[in-house]
Structures are given as structure tokens and as C-alpha cells.
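Sequence order for the protein chains is A, B and C.
One point on numbering: in UniProt numbering, the residue at position 102 of the first sequence is 102, and numbering is uninterrupted.
One point on numbering: in UniProt numbering, the residue at position 421 of the second sequence is 421, and numbering is uninterrupted.
One point on numbering: in UniProt numbering, the residue at position 96 of the third sequence is 96, and numbering is uninterrupted.
In case anyone wonders, no lab produced these hints; they're calculated from the structure.
Please read all numbers here as calculations on a predicted model, not as lab measurements.
A hint or two may mislead.
With a straight-line Cα cutoff of 30 Å, these simulated DSSO-like cross-link-like pairs (lysine-lysine) come out [said to hold, decoys possible]:
1. A:Lys57 to A:Lys118
2. C:Lys52 to A:Lys2
3. C:Lys175 to C:Lys149
4. B:Lys64 to B:Lys161
5. C:Lys175 to C:Lys64
6. C:Lys64 to C:Lys110
7. B:Lys73 to A:Lys2
8. A:Lys57 to C:Lys64
9. C:Lys149 to A:Lys118
10. A:Lys118 to C:Lys208
11. B:Lys413 to B:Lys11
12. C:Lys164 to C:Lys52
13. A:Lys57 to C:Lys52
14. B:Lys184 to B:Lys11
15. A:Lys118 to C:Lys175
16. A:Lys2 to C:Lys149
17. B:Lys312 to B:Lys161
18. C:Lys239 to A:Lys57
19. C:Lys110 to A:Lys57
20. B:Lys418 to B:Lys445
21. C:Lys164 to A:Lys118
22. C:Lys175 to A:Lys57
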Amino acid sequence: MKHSVVSLTINGAERQMLVAPGSTLIDVLRESQGLTGTRRGCEQGACGTCTVLVDGKTAMSCMLPVETIEGAHVETIEGLTPPQGLHPIQEAFLQGFATQCGFCTSGMIMVAAALLAKNPNPSREDVVRAISGNICRCTGYEAIIDAILDAAVRIRSAAHAEAA
Amino acid sequence: MEKIDTSFFAKEREAELSVVGESVQRADARGHVTGRTQFYEDVTFPNTLHLKMVRSTRHHALIKGIDTEAAMKVPGVVRILTHKDVPNNWYTILKLIGVGPDDEPVLPEDRVLFMGEQICAVLAETPQAALEAARRVVVDYEDLPPVFDVEAAMTSTPFKKDGTNYFVYEGHNCRRIRFGDVEKGFAEADHVIEHRYESSPIEHAPTETTGCTAKPEGNGRITIYSNTQALYFTLDNMALILGVPFNKLRLVGGTVGGGFGGKVDVIVEPIAALGAMLTNRPVKYAYSRAEEMQVSSPRAAERIYIKDGVMKDGRIIARKITLYVDAGAYCRHSTYGTTKAAAHMPGPYTIPNVHVDAYCVYTNRTPSSAMRGFGVTIGDFALESQMDQIARFLDMDPMELRLLNAYRDGDMKAHRKKVDGAALVEVIQAAARQTGKQLAPRFAKMSSMTREG
Amino acid sequence: MLQTVAMPGSVPEAQRFLSNLEGAIILAGGTVVMPVLNYGTDAFTSLVSLRKAGLSGISVETGKTTIGAATTLTELEDEKALAFLHPALDTIASPTIRNMATAGGNLFVKQPYGDLTVCLIALGAAATIAGAKGERIEPVEQTVSSGVKAGEIVTQVSFAMPAKDAFKFTKATRKAFNSAAIVTVAAVVVLEGGVVSSARIALGGVAKTPVRATSVEKALTGKLFDRAHVEAAAKEALKDIDPADDAYASAWYRARVTPVHVRRALLGE
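Here chain A stands alone, though its shape is the one from the complex (with noise of 0.2 Å):
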């Protein structure tokens, strides 16, 4: 068995690392790089919850090997986060009850990322396809919708208020 050196860009840094073959992402962000807001759930694919953005789009870490993404930009929980204060989906997730035991939280907040990202306006509809992939089994869901609803307004009010 052959270890191979792989580059990544994490959170805006250049990373390398040396990884075993078939190493998933999720093992070299948790293990190796120390970021540990992405969750392993079911290393199926099932649960969404160790969901990341790889190259702006999101996937499921635990069925990436990272030889296979050699030079991918992957954006995760951490680098979410603000210096100070809260993303403003953070602060919908915060202020809308939208975590329980908050193990799904991490993914489902990179889910809405992307979505907003994508389309500003979601529909309800829009909001519980996207995060279709994702499982939480203490919310029930609603206040999760809600809250990616709520972080939608705030992102569009405050890209007005930045552009008035």
C-alpha cells in the first residue's frame, strides 16, 4: 500500500497531504486537518450530515477519495464561519430553534450555503429538495426550512443594504 501526497485548497489554504489509498475526505478534514464541525453519520451517502462544498458544489465527504479531487477548493463549516460573529445563515439556524443535538447542523447549513448561493429566492419547496439529503431526527424539519428561509431574506436585505 502506497501513500500519495494530495493538494487541496481548505478554506481558502493550500493543503498537503500525505493520505492512504481511498482516504475520504471526511477522514483527511477530521483527522489530518482538524475539522471537525463535519460530521461522519453513516459513510454511506444516506445522511447528509458530512456534507462540504468541493469546488462550490456540495458533497458528501465520506464518498470522496481524495486522490480523486487533487486540487479541488473545498469550503467546510469552519470556513463558513466569520472571523467575528455569525454567517447569516448561522445566525438564522441560531435565532429560528433550527439545532437540536446539532449533529446534522454543519451539513445542513453547507446545503443552504449552496442553495442561496445558487438562488437567492428559494421557494419552501426549493428549500426542502435541497436539503432532501440530508437527515435530522430531532427537528422535525420545519424550523431547519424555516431558518434557510429566514437566511435567505437576511443575505438578500443585507446585499441591498450594501448595494444602497
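Based on these hints, arrange chains B and C on the given structure of chain A.
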């Protein structure tokens, strides 16, 4: 969010409600939304060994032999734990509150009682090596007939070492409630209505699977980072299993990525800690999703027969309940759940004649245990389905049927506790109001605190 | 244990890896293979990734569409010329899975998954397969039913664009999004003066692989395309299916509802 209605029982309440009904930010939410909440798996140590379990592929079988030779040859394998390594192999979780006998082995000795039961634990340098070695362990089984049905189990050949396929409650084969005379009640009733209700096991499926990491410390203690919902139960059971003083163990936890009752058993921690003690290295034992679904204790399946003696006006004068809780292969929390189920009967209704037999039955299915309101939830499904059946049979309004039979303060319950603080009448009245339903005046005027007429 | 993840830059290089590496299998989007790897397996020891083998991309030329095997389902959704496929793609797993899963991989997933493949069969799509002795082209339904030989790689699928409104699709599921098929129906129905001149109908979730509903096609062809004829033809679907029990539905239920969903798909109900 709708404000709490504080007009009910205002005289009964001593304090003003300043938090109930208000929105208060969760203390842990900021950690959740930034991904900084620390779950057990976020704490890692160099030199950690990974534990993977060899599991039974049979529902019920004798273990004739375990061949670990090929497994030990897999590069990275350090040790394989069997029952011989466990200081006190037999336990039952609730022995801490005096429940016995010890009916479950940490690792089985000569037989497996359910599919997925852990047999031996592989410790290796990487999860991949541990998984490969676990695949290389050869277990020689001799199949025994399994039993999956609770009523069949009551009469089939006992497969449990203590001689019965049911838990023995103070010399009885079930938890019993006797109140009044149900047979007399049935004889006096206008109608006798009997139905059977049944549920399947329900898995909690927490997004975070069950797991822990046990780390030997310089001072001779073991620190266990765990997502258990029951830190002290776990600590005390571990001390008994491992034969060490309680103060040799330290549990760090309380942050649970979804529990719902599914993380109150003591399964992963004793084995991980044993591995840590025997290798002097940190040991991580985390269920895969498949293991979580297959072997973590679900809510028990139940089968409930309800026979009611009912008068034409809707009064229930006799209720006989025969209830079976499928504990699966081992007791765990089911004995307690069955007692809860019995105590919950006959529901929140005042019935003068009640007879309850609640059986905690062992079968060759995955052991069941706690889950949100276990012992009560399925019973309520059965009871309230039965109430609807009665209402339909009598062509009576289902809310009014419930109000007619609802217990009131001062009534004697079947298990001989006096009702105090009842609010069922008011809850049904509020539900009627909120759904725009008109109750007949005599029902609208009822109160939990007095009994009219 | 996994020994190698190879990243070939071309199809010939991928073929070399497949024949030279011991225990090698193809890795496309990874949504099927990676769970197997994550849970530990003796089935393979090397992965040959197609991610950088030049197999992704969509070309829509006059009447003919070609989809590279490594094209993701999301890329198909983003292609405006394939708008008729969007309702079908929308039913497949979740957007995140569609970001990863590929058109080629979809041909090889187990039932009751693989809804794109059901569409491709209805569209009469052909698969291009690179083998040791060069390329061959065969109907997708053949690839699906007999598989490919060791060392072979499906490089692309292609089909003629259906006439406007000729493509029909429905998928019965347990929940609104991200649910495998109870039964999937895809069809291309061509009408001439209200009469069915040709019909290609494919079913998913109701046999070991996606299948053609040839009995329905036969019953429908030459008939007036009205509710009575469609309903009668849809009942013929029972001759084309061999459903199984799984966590989503029982075989009995699948058989019971298949004619209903065939009718609904065809009539757009």
C-alpha cells in the same frame, strides 16, 4: 410561538411562569451552528487502536469454535478480545437498582442469542485493518431453533440460562395489576369489545452512531469519551464488569448527536475500556451505520390485547389487558419498560375493574431497550385506538367518550395511587376549542378537580 | 484492503490500469462503490477513477445527444437542451448525490435505483463500450441486462432527441424527494392523428434490472391514444415485470400498482 395559556389551575400554582412559554436561546446552539460543539469523536489521540466487532450471523446458535489465526495475520492487528478477557462477563444494566439476574454476557461464551450479537473484538492500528481482520475470523456455529414471536416464546423451550423465556417479577411470569373484578364487570356490561394491537420494533437512528474512545491515563485511570445518554449508569456498570473501583474510571460526555433513548445501554464502553486496559493504548469503538441499525436496541415491539366491558352510555366498567413486550434476546431496560407499561394501564380513565398481565418476553431478536416514553407509547397507541373503536361501536363522539371516562382528582387508579393534578378534561376541552368543535354542555362544564353529579 | 486509487487521464490509460492492477474496479461518482469500501470489502483492492479520464460532457447536435459516462446528474440537470429529462432527474436521490453520481454509473446501480437508465432505455439510447479490441455500440437495455466484461468501460451513451411532448415519465415513491422507486415508468410515445405509431416504454423497480415493457408497447401500437386503450394496454405490464420485496414496497404492491402508474405516465395524469 403561541403564549402558554396560564389561566388553567391558576390557584394551584405557587410561582409565576417566567421562562415557560418564553423563547430562551439554547446554551449550545452557537457551538452547533459553527460546528464547534465537541462530540466524543472530535477528541482524538495519537496511537489510537480501532475496535471492530465480529458479529453473529445466526439468530440462535451454539459457538463450537472461534478461529482467529487468519485474522491475527492481517497487518496492523494487535489483539482480539473474547469473553475470556472480560473480568466479570455477566451483567444486566439495571442491577444497579437491584434488578436481576445477570442475563447478558459482555461477550458470549458458548452461544449467541440474536443475529448481530457481538462475539469477539478486533483491535488494530487502522479501522480498515480491524474490518479486514474481523472478516477473517471464522466462527463455527451449530444452529439452534430461533423463536421470534412473543406468545410462542412463552411456551417454547427456554433458551435463556435462567430457565424462562420471560422475566420473573416477584415469582410471577408477568407484572400484574388486579383492581376490582373484571369478570363481574364483563357480566354486567352491555357490550364487551375486544381488539388486538401490535407494533414493530422502532430504531432511533440517531445521526451520530453509538461510540466511545477509552484512553489510559498516566495516573492509572481510564478516561472514556462517550456519547452515552447515561454517564453514571455506564460508569458503574463498567466498574462492575471490569472489576475496578469506580474511581479508576472517568467518563466525559453529555454531548449526544441524537439519542432518543438509543444510547442508554452499556455496550461499547466496557469493551473499549477493556481493550485500553489490556493494550495500554487509546481504543475507539464506534458503530457503523449498519451496526447502529441492526444491533443498537430499538423500541420494543409490543402486542396488546384489550378487552373492555362497556355500558350503552359509554362508561367503561371493566378493562382486561394482556400485554407482551418483546425484550429481544436480553433484558436491558425492558423489565423496567414492562412495569411502566403495566402501571400506565388502563390509561387516564377511571375504570372500576381492571386486570393487567404485562409480560417481558425474551425472543431471538435484537434486544430492545429505551426509547422516548418506552413502555407507555405503544400502550397509548393501543388504548386510544381502543377508545376510538368503542366510540365508533357506540356511535358516540370520541372526545365525549373520553371525557365521560376521564379520571379526576381524588379517583383511585388501578395500581392504587390516588389521582392528583389531573388535567385530561381541560386538555380535551382545549383541543375541542382549538379545532372548532362544539362539546355538549355537560362535557363543556366538566372539571378535573370535581366530579359532577 | 485497498492498495491503489488510479487516476487515468484517458480511456486507454484507464483500460491499462484495469488490466494491470490486481482486483481493480471502476470508480465513477463513488456513490455506490465508496459505501462498500467504507464498510470493508474483499471484492476489490484497487479503484480506477474515471473522474479525469475525459469522459464528462454533453453534446447536443441536430437530433442526437451524447452524454459522457462521467457526466454528473447535476450537469444533466444544468443542460437546458435536456429539459425534458429534468422531472426524471429531480426524482433521483438528493441534489448532493446528483452532484456526485454519474450517467455511466447509473447503468450499474442495483434496483430499485437507476431511474436515468429507465429513461435511457425508453429513449432507445445506445451505450459506447471501450474494450480490449476497440469500441462497440449496443442498446443500453442490453448493457443493463448482460453487463460489461472485465476491463470494459462504458464511455458514453447517446440517443435521438424525442419529439416535443413525446417523452413521458413518472416515478412512484414513498416520499416526495430522495426516495427509490416503487415503480418508475419512462416512455417515448409517437402519435399520428391520435393513433400510436410507436411506443417505447421502460420500467424500473419491478425486475432485477430496468426492463422494456414490450407487452404494453405491442398493445398500444396502432391504437387510439385515449384513456380506455391506454388503461387496457397498461395492464399488459404485468407480463413484463418480475418485482421483488424490499424496504420500499412488497412485490405484491409493486405488481398491483404498476399498471396504474404506466397509465398515469402515458396520459400525464
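A quick look at each hint next to the structure:
Of the pairs offered as hints, the one joining Lys57 (chain A) and Lys118 (chain A) holds, with about 10 Å between alpha carbons and a cut-off of 30 Å not exceeded. About 20 Å separates the Cα atoms of Lys52 (chain C) and Lys2 (chain A), which keeps this hinted pair within 30 Å; it holds. Annotation: proposed proximity of Lys175 (chain C) to Lys149 (chain C) is violated, straight-line Cα distance about 36 Å (limit 30 Å). This hinted pair checks out: Lys64 (chain B) and Lys161 (chain B) have alpha carbons roughly 18 Å apart, not beyond 30 Å.
Of the pairs offered as hints, the one joining Lys175 (chain C) and Lys64 (chain C) is violated, with about 34 Å between alpha carbons and a cut-off of 30 Å exceeded. About 28 Å separates the Cα atoms of Lys64 (chain C) and Lys110 (chain C), which keeps this hinted pair within 30 Å; it holds. This hinted pair checks out: Lys73 (chain B) and Lys2 (chain A) have alpha carbons roughly 20 Å apart, not beyond 30 Å. The hinted pair formed by Lys57 (chain A) and Lys64 (chain C) meets the criterion: a straight-line CA distance of about 29 Å does not exceed 30 Å.
The suggested pairing of Lys149 (chain C) with Lys118 (chain A) is violated, with an alpha-carbon distance near 41 Å, which exceeds 30 Å. A C-alpha spacing of about 38 Å is found between Lys118 (chain A) and Lys208 (chain C), which places the hinted pair above 30 Å, so the restraint is violated. Between Lys413 (chain B) and Lys11 (chain B), the direct Cα distance comes to roughly 25 Å. Compliance with the 30 Å bound is thereby established for this hinted pair. Our distance criterion of 30 Å between C-alpha atoms is broken by Lys164 (chain C) and Lys52 (chain C), whose separation comes to about 35 Å.
Proposed proximity of Lys57 (chain A) and Lys52 (chain C) is supported: the alpha carbons are some 17 Å apart, at most 30 Å. This hinted pair does not check out: Lys184 (chain B) and Lys11 (chain B) have alpha carbons roughly 41 Å apart, beyond 30 Å. Restraint check: the Cα-Cα separation between Lys118 (chain A) and Lys175 (chain C) comes to about 25 Å, which is no more than 30 Å; the hinted pair holds. The hinted pair formed by Lys2 (chain A) and Lys149 (chain C) meets the criterion: a straight-line CA distance of about 28 Å does not exceed 30 Å.
Using a Cα cut-off of 30 Å, the hinted pair Lys312 (chain B) and Lys161 (chain B) is violated, with the two alpha carbons roughly 50 Å apart. At roughly 43 Å between alpha-carbon atoms, Lys239 (chain C) and Lys57 (chain A) are farther apart than 30 Å, so this suggested pair is violated. Between Lys110 (chain C) and Lys57 (chain A) the CA atoms are separated by roughly 26 Å; this keeps the pair inside 30 Å, and the hint holds. Pair hint Lys418 (chain B) plus Lys445 (chain B) holds up; C-alpha atoms about 23 Å apart against a cutoff of 30 Å.
Note on Lys164 (chain C) and Lys118 (chain A): the hinted pairing holds, with a Cα-Cα distance of about 29 Å set against a maximum of 30 Å. Restraint check for Lys175 (chain C) and Lys57 (chain A): satisfied, since their Cα atoms lie roughly 24 Å apart, inside the 30 Å limit.
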